[in-house]
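Asks: Chains as they are written, first to last, in this note's numbering: chain R, 18 to 204; chain H, 18 to 204; chain L, 18 to 204; chain Z, 18 to 204.
There may be inaccurate statements among the hints.
One copy or two, it doesn't matter: identical chains are merged, so the pair holds either way.
What the hints assert, rightly or not - Calculated cross-link-like contacts (lysine to any residue; reagent style SDA-like; alpha-carbon spacing at most 25 Å): (1) Lys108 <-> Arg48; (2) Lys108 <-> Val127; (3) Lys108 <-> His64; (4) Lys108 <-> Leu203; (5) Lys108 <-> Val61.
In case anyone wonders, no lab produced these hints; they're calculated from the structure.
Since the model is a prediction, treat every value here as computed from it, not as a measurement.
There are 4 protein chains.
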Amino acid sequence: MREDVAMASVRTPDPNPGWLSEIALEETRSRVPILYVEGIPVRVDSHGRVEHVGLLLRGSATTGAMSRTFVSGRVTHGESVRDALLRNLEKDLGPTAFPQLPSSIVPFTVAEYFPLPGVAPLHDARQHAVALVYVVPVTGECNPRQDALELTWMTPQEVLSPLVLDEMEGGRGTLVRQALAYLGALD
Amino acid sequence: MREDVAMASVRTPDPNPGWLSEIALEETRSRVPILYVEGIPVRVDSHGRVEHVGLLLRGSATTGAMSRTFVSGRVTHGESVRDALLRNLEKDLGPTAFPQLPSSIVPFTVAEYFPLPGVAPLHDARQHAVALVYVVPVTGECNPRQDALELTWMTPQEVLSPLVLDEMEGGRGTLVRQALAYLGALD
Amino acid sequence: MREDVAMASVRTPDPNPGWLSEIALEETRSRVPILYVEGIPVRVDSHGRVEHVGLLLRGSATTGAMSRTFVSGRVTHGESVRDALLRNLEKDLGPTAFPQLPSSIVPFTVAEYFPLPGVAPLHDARQHAVALVYVVPVTGECNPRQDALELTWMTPQEVLSPLVLDEMEGGRGTLVRQALAYLGALD
Amino acid sequence: MREDVAMASVRTPDPNPGWLSEIALEETRSRVPILYVEGIPVRVDSHGRVEHVGLLLRGSATTGAMSRTFVSGRVTHGESVRDALLRNLEKDLGPTAFPQLPSSIVPFTVAEYFPLPGVAPLHDARQHAVALVYVVPVTGECNPRQDALELTWMTPQEVLSPLVLDEMEGGRGTLVRQALAYLGALD
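If we strip away everything but chain R, and leave its shape as in the complex, we get (with noise of 0.2 Å):
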């Protein structure tokens, strides 16, 4: 018999429902597609435009490699999308950055990631997971936290070199390319 059932009777409330012991994460991401956020930071002029595109620089904990992301993580069990996607800024950019989430939760893209590289343009060793992504501009001062070493604001020419669109996690390169088709700056 699992503990945390054999335990729910007994213990003292969660103080992070939602959250998943290592093993029941594991076994869950073994069974269903796991539904996540993601949010590009960008700053815009006063007319919308986007003048810059901050991507998250991350340390792998194994490889000790380089890699370029976006804010992003779980909607956790009873969480709404918006609750999540706002606690995921908060947690990769600090409690400065006052970002301006969307006024609809429609996302400007869906992403697929796959477990096996290959099949599908992005892929996560981990899981199948399936993430509503977001375009969130911030207006404040960002002080990236936890396994996040740095951000870096580039425009969007600078993103759209091939060394950065090689760096990024995942096969995110397709992805913010996208997010730049969206708004407008491609070129």
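Starting from the structure of chain R, add chains H, L and Z where the hints point.
Replies: Same frame as chain R, now just chains H, L and Z:
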């Protein structure tokens, strides 16, 4: 020890990979939001204007009460959003419906169902579910299978009658109004 | 011979390029659909959820009747859609509204106004107009100028009351319901 | 005095209402942005995934140079966006193309063409034009008429080759990349 794990090494290949035992599904539903796709079948004229909306009339197995709903189903592990949408359209509309799947997988809305009624417009007693919702023109003949008793084609005006909106399962009256707004058919 | 053509070679530079004389505008309106932008001002909470919608209350110069409308104006010759949207927001909401312009210029809906009432939900006696319609969060203080008498902030529920919907100019009750559907605020 | 005004009261009914004389069109183009619709024909598989994109190959009447473009045309006075889109698809693809018009008239992008090259990615020497751009699956046989010489079906990969992108009229290489991003077919 759970049977499906114990048997995994000896049983023949799973004919429905991605499908879960009742126990595994129930356990998973308590852990993470479950990803769904929903399709709203429509008949359109040569200009793309919606003429009729297809609603499934379904009887509850437990209470016998009738309710109306859309094509709906889980995205299974390893399955793409497009595959899940087509599979569920064929399941609910039959093999001769000839649905025109959207060329972009950006949904017109994201529907969030919570287990408790009242906390949000949409609810699903079984689970926290998040659905990508699409409008799907169909040109062929629809022959609902499985537990759906009947597919009814209604004009937008008929769909918007309070009687029909109230019959819709889980609060989907809101969703169908969102769909008609998106289609420019609110009036 | 038209005066503005005769004078073109001698007059000083036009302070408002893109603006037309009344005669030229009326003639143009009889020839082609006129491109507009419309902005629906909203107040959102920290999660992006709409809390209030801003409607402009305007008195008709000819009949004295009151009607409600959005921020609205022509895109002038040579002007970008973003420039037109910002210019009209500043004209109707004043210089301290601090509108957050959309990062993508894809509108949430396209509104078609025809000169004759009854042929379509939207009409405009002056012209055939096609408007790109945006939802625009504003964070500052709004001080309507020009012919708008008052900006009223209403909850989505208040906006959806039949009384308010009926007061909306040119059939825009349909548009505001489309906006609330897009924002997930129909209920 | 202009002839078309003088003749208005005596001439027989206009067989093409909405069409303008060359002089009236040129004058109008100097006054307001002209509203266009554009359609990008695609072939999709049973899952809605784009397999081929249709590009029109057109010879310039003046220079003889070849260029590639989309289905494109003005929205005329009194004409709905849907009617304009279908009319132009039939004009450029012939009567047996069987285009599947979008069920929503929200375009996937808004394209702004300015008369001067260099100020924006898109330009049109004749005018300031604003186009609502749609992806349109076609299932029938296409027989271009009028000035288009040939319709070429290409895979997304072929379309994205620098050679093809450079051949596209008025900077539409940007537009076709936006379309492929929207369709999830950038890679």
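Asks: For each hint, tell me whether it holds in the structure or not.
Replies: Against the structure, the hints:
no., hint, in the structure
1, Lys108 <-> Arg48, "between (27 Å within a copy, 21 Å between copies)"
2, Lys108 <-> Val127, "both (22 Å within a copy, 24 Å between copies)"
3, Lys108 <-> His64, "between (28 Å within a copy, 15 Å between copies)"
4, Lys108 <-> Leu203, "neither (29 Å within a copy, 30 Å between copies)"
5, Lys108 <-> Val61, "both (22 Å within a copy, 21 Å between copies)"
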